[in-house]
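If you're matching them up, the sequences are chains H and A in order. So in our numbering, spot 157 of the first sequence is number 157, and the numbers just go up one at a time. So in our numbering, spot 44 of the second sequence is number 44, and the numbers just go up one at a time.
One or more hints might be untrue.
Where chain A lies over chain H, by a calculated footprint (3+ residues, C-beta under 8 Å) [unchecked claim]:
1. 24 to 33
2. 61 to 75
3. 107 to 118
4. 261 to 273
I should point out that these hints are in silico values taken from the structure, not numbers from a laboratory. Every value quoted in this text rests on a predicted model; they were computed, and no experiment measured them. Backbone N, C-alpha and C fix where the C-beta goes; we use that ideal spot for every residue, glycine too.
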Amino acid sequence: MNATIDPCNCPPWSAWVLDHLQLGLLVLDAGNHIVFANQWLLTHANLAHDAVIGKPLLEVFPQIKGSAFERALAQTIASGYPSLLSQTLHPAPLPIFLPTSQRGKDKLLRQSIRIIPSGRQASALMDQQYTLIQINDVTQPFMRERLLKAQAGRLKGLAEVDVLTALGNRRRLDEVLPQAMHAARKSAQPLSVVMFDVDYFKQFNDLYGHLAGDNCLRQVAQILRDVFRRPQDLVARYGGEEMVAVLPETHGAAALGLTEQVLRRVYALGITHQGSTVADRVTISAGVAVYEPGAELSPENLLKAADQALYRAKSGGRNRVCGPG
Amino acid sequence: MNLSELELDALTEVFNVGVGQAAHALSQLANTTVMLSVPQVDVISKLNVSTELINQGADRVCAVRQQFSGVLNTEAVLMFPVQQSLQLVQMMVGDEVPLEQLGEMEQEALAEIGNILLNSVVSGVADVFKLQFEGSLPYVELGPVRDVLCAQGDLTDQVLSLQIDFAIETLQIHGFLLFLLDVESVESLKLTVERFLAAMS
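Could you build all of it, start to finish, from the sequences and the hints given here?
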């Protein structure tokens, strides 16, 4: 049963080489008994030679029963074609650990596994069909990729944030708005867009200085964040003192209600503004536009519609919101 | 290579048996139903394949290659437009976050998916035609369509080409499976199909 390769046919260094390979090797005979395991595998599986050799694979590694690894092995032996189990789809099929980790803190290695059956020709030269299982430790490349992805994600996030207000920036708006419109079409739900503008902001800056202006924008931004707080809402700084809210699954009446709340809260801040002709304090104006799924409208034209509503609010006396139409 | 309508239809049917098995294995892997179908098998030039892919807006493809040897020798090349290969991996991994590019780890996942598909398809064909093959491990390649197609030979070479349609939940993916065949292998394929049809009638 436990046929081993005839040592007479092997070069004297073959066993030494196999034991020093920095990957795991397992050889199964036609009855799925382990006939060979190299030193790397024994060390990382923390198993003694005698506990492995001559034993059925499933007895040595009972945890693979019913797993994708077992299915792939059966499939490979049946078809005779080699197969691959990727780390991404099966992180750690075998109980193989970092040998240096302390007890109780065993670290499972990320594995990339190849199952290679001896083909008809090779089997004919031996006494039966054997199967080679090769296990590569891909923990390090996996960690490296994960780190790079996390960094890329962080950088992307940073690239889309407005430094002053910590709202999304124009780039973020340009990315999110088409997606939100696409989602609205798919879910057949209306999408509201609100454009805000601080009234007489230029005069405010002239009177109180740019630091006060920055501070004012930050406070307004905070109110927008507080009012439009659903995870799917986006608030972005559009231009100097213009900000935009993208509100999925929100019809015009709801958007108007929320916007009026924003206006009241900004008024309640009570930031003195002697350059304003509409109040003794900072106020804002807003315009609401609604995208009804099915309508032929580009993101640019949706923003334009909100801008036109904002213009109506401005010319209608400021500190007010104008709706669609 | 000239295969008759009848022979191509027979091949289409045989390949559909193979992709049926692949769909079963991929469904287990994805934990959701994966449906696969081969609408049509064709013998066309590599040039036609690349034109078709480029017309679909896929000038860059991701390919999984495997060699099969036996009565006939072939290199099987499964190709996806890069964007679709990303969606496929994402679907299989069950990840919510859209992938931006095919990293080392995603390429390996694609190699596994391609390996399952190629092994099932070839073993389905081998069973029906009573042929025996030995196979290699998969190997992933990314690049412009023409570079991938012309790793060996040139654009005028004829290949056995199958479109493979994937349907996974709401996702639709069109892959291309090519079998690159040398002259002798073309002859033995034709003989095999003829013999198969003769035995059927």
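key: Within 8 Å of chain A (C-beta), three or more residues of the stretch 261 to 273 of chain H   = As far as the stretch 261 to 273 of chain H goes, the hint is violated, because 0 residues have Cβ atoms under 8 Å from chain A.
ask   = With a cut-off of 8 Å between beta carbons, are at least three residues of the stretch 24 to 33 of chain H near chain A?
value = violated (count 0)
task = With a C-beta cutoff of 8 Å, work out whether three or more residues of the stretch 107 to 118 of chain H approach chain A closely enough for the coverage to hold.
result = Check passed, 3 qualifying residues.
query = How about the stretch 61 to 75 of chain H: do at least three of its residues have a C-beta closer than 8 Å to a C-beta of chain A?
reply = That given contact holds, which follows from 3 residues of the stretch 61 to 75 of chain H lying within Cβ reach (below 8 Å) of chain A.
Checked against the numbered hints above, the structure breaks hints 1 and 4 and satisfies the rest.
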